[in-house]
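Work out the full structure: start from the sequences and follow the hints.
Chains A and B, in that order, give the protein sequences. 1 is the number of the first residue of the first sequence in this note's numbering; add one for each residue after it. 1 is the number of the first residue of the second sequence in this note's numbering; add one for each residue after it.
Don't take each hint at face value.
Within a straight-line C-alpha distance of at most 27 angstroms, the following computed DSS-like cross-link-like pairs (lysine-lysine) qualify [said to hold, decoys possible]:
1. A:Lys77 / A:Lys397
2. B:Lys3 / A:Lys478
3. A:Lys478 / B:Lys68
Hints were generated in silico from the structure; no laboratory data involved. Quick caveat: nothing in here was measured; it's all calculated off a predicted structure.
What follows is each chain in one-letter form.
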Amino acid sequence: MYQYDEIDQALVDARVDEYRDQLSRRLAGALDEDHFKPLRLKNGLYLQLHAYMLRVAIPYGTLSGAQMRMLGHVARKYDRGYGHFTTRQNIQYNWIRLEESADLLASLATVEMHAIQTSGNCIRNISSDQYAGAAADEVDDPRPWAELLRQWSSFHPEFSYLPRKFKICVIGSETDRAAMKLHDIGLQLVRRDGELGFRVFVGGGMGRTPFVAPVIRDFLPTAEFLSYCEAILRVYNRYGRRDNIYKARIKILVHELGAAEFTRQVEAEHAHVKTLGIDAPEAEIERIRGFFAAPAFEVLGEDYPPPAPPVSTSREGGEFELWVARQVAVHKVPGYRIVNISLKPVGQIPGDASAGQMEAIAELAERFSFDEVRVTHAQNLVLPHVKASDLPAVWAKLVEIGLADANLDLASDVIACPGLDYCTLANARSIPVAQRIAALLQPKEAELGELKVKVSGCINGCGHHHAGHIGVLGVDRKGTENYQLLLGGSGAEDTSLAQILGPGFDETGIVNAVGKLTETYLSVRTDGERFLDTYRRVGAAPFKAAVYGEPVYG
Amino acid sequence: MAKLLTGNELLRGDVLWWTGAGWSLTIDAAVAVEDGEALLAREAVSEAVSDLALIDAERMDGRWRPVKVRERIRAYGPTVRDDLAIAGQDWR
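Set out below in structure tokens:
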């Protein structure tokens, strides 16, 4: 893992000191709320429905054991005993007291963490593949490049007041586990004639106006990595719309200009920018790469049977075997496995973890995964480097803390934003809908196979409803909650945008509708065909007919 | 339709309700305000309460009930954590 040098630490410590001063002036009445609000937001502190919410950055979703333990400590000392892992691979706390917020940030700084650039129209936390450095199908490790972007984008003076927020994702495999093409910039490591480079996607996003990002450069040499990103941001900063918040994201600019013209402008800008010497020297890239060197893996044979594909249709065997079949993925090193920890126990809140659970996972990371744990955009956790022979011990501990559910990418592995239970922007609750759908589908999820259900409480789409095989969007209809149903989305390498099926429902109606969708799927699918593929093959008509008929569940 | 004045307490962010003489953590202590905009402007000056807003509410069984579901959840707490919600209130 990357470790702060003295410059990194000094920057974060200085920001804590600065914020402490701002806070003290606010509490003393020397700063009014209009002036203080943008300052607290620059440190990730929002005022939500019930209380202050703090969003903490988790760079490319990677944590050490000490950092995870600190997140548990923050939950216990400064919140109400839990935190919420988000679809941006970050964590949010829902009950922060303003008067303690500077002390909280100081605590985070002791483990190289902060909440900088988790709000505002700047470059947000870089997201990446939770299997980075462990995936068997990886061209190269995306984390050094994500870290380089983190350093480049932190306090970047030119890009601190962009037209709108900006999200970048870096992955290293053809398999997309990070919804890369639904970011403002998506970067995919590729090799061409043995040379490492990037395929560059720009202008993706969800929210009010969803787009899948088009490719604007098929192969970008790594030596021009930063200058090309700088050129993209410069074109956006210059021409992105500032007159209308709903049209201010780069996806609108790319769409309105057209990918070809946008590309032409970026290339022209890049011809200039790359002469400025801002690309990282090879020595610096190697220095950063050194932090992500493979840990001291033992030379092992395949001393544990290779796991079945993550989506097993079998419930035969014991719970441990089922958990291995569904939650454990192949590692690039023989004898090691990638362990997915479900934060979706049926009946619980998707993405929530208690202080005790976080502390236990920190210990698991330290004992069994070379001190690493990852956060996924699907609101789960990953232990990336577990020795196959340690799987029983890891599983036993997960059973003890209530996180041994085996539902990765299955129907009860539902993504949900905080929704109207916490969020001021939300129009409808998303958590209870996710819980009811999970409870309804869990008994037959083995039969249903891979099925990604994603629930958002408003059009901003933090619950990624546009990327759901089944998406649910909560809206306000004359002061009451209403839920739209979408079908056919994907955030994986076969990225697509879900489309609205028809009129919306109330809470019970949407749960029933999802039940009918699954019944229809089971009746029309071919052998081994995923829900998404069935939808793509047969289209919306049979699902529409089923959903707007009689309920199949009471 | 009655108007209630609400906001969030500065130090902790707690949801507060105007009682006619000050602020309370419970909506049951709220009073309907007549000249809400003037009151809101006056209270905003103190800077002790953030995000001041006037919301619609009605009396039901002797208690205040915000008209919009958003305001009911804000008043009563998350619907998904009984331990964090205000006991005895039905957001529905």
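Tested hints:
no.	hint	in the structure
1	A:Lys77 / A:Lys397	holds, 24 angstroms
2	B:Lys3 / A:Lys478	holds, 18 angstroms
3	A:Lys478 / B:Lys68	holds, 9 angstroms
The structure shown violates none of the earlier numbered hints.
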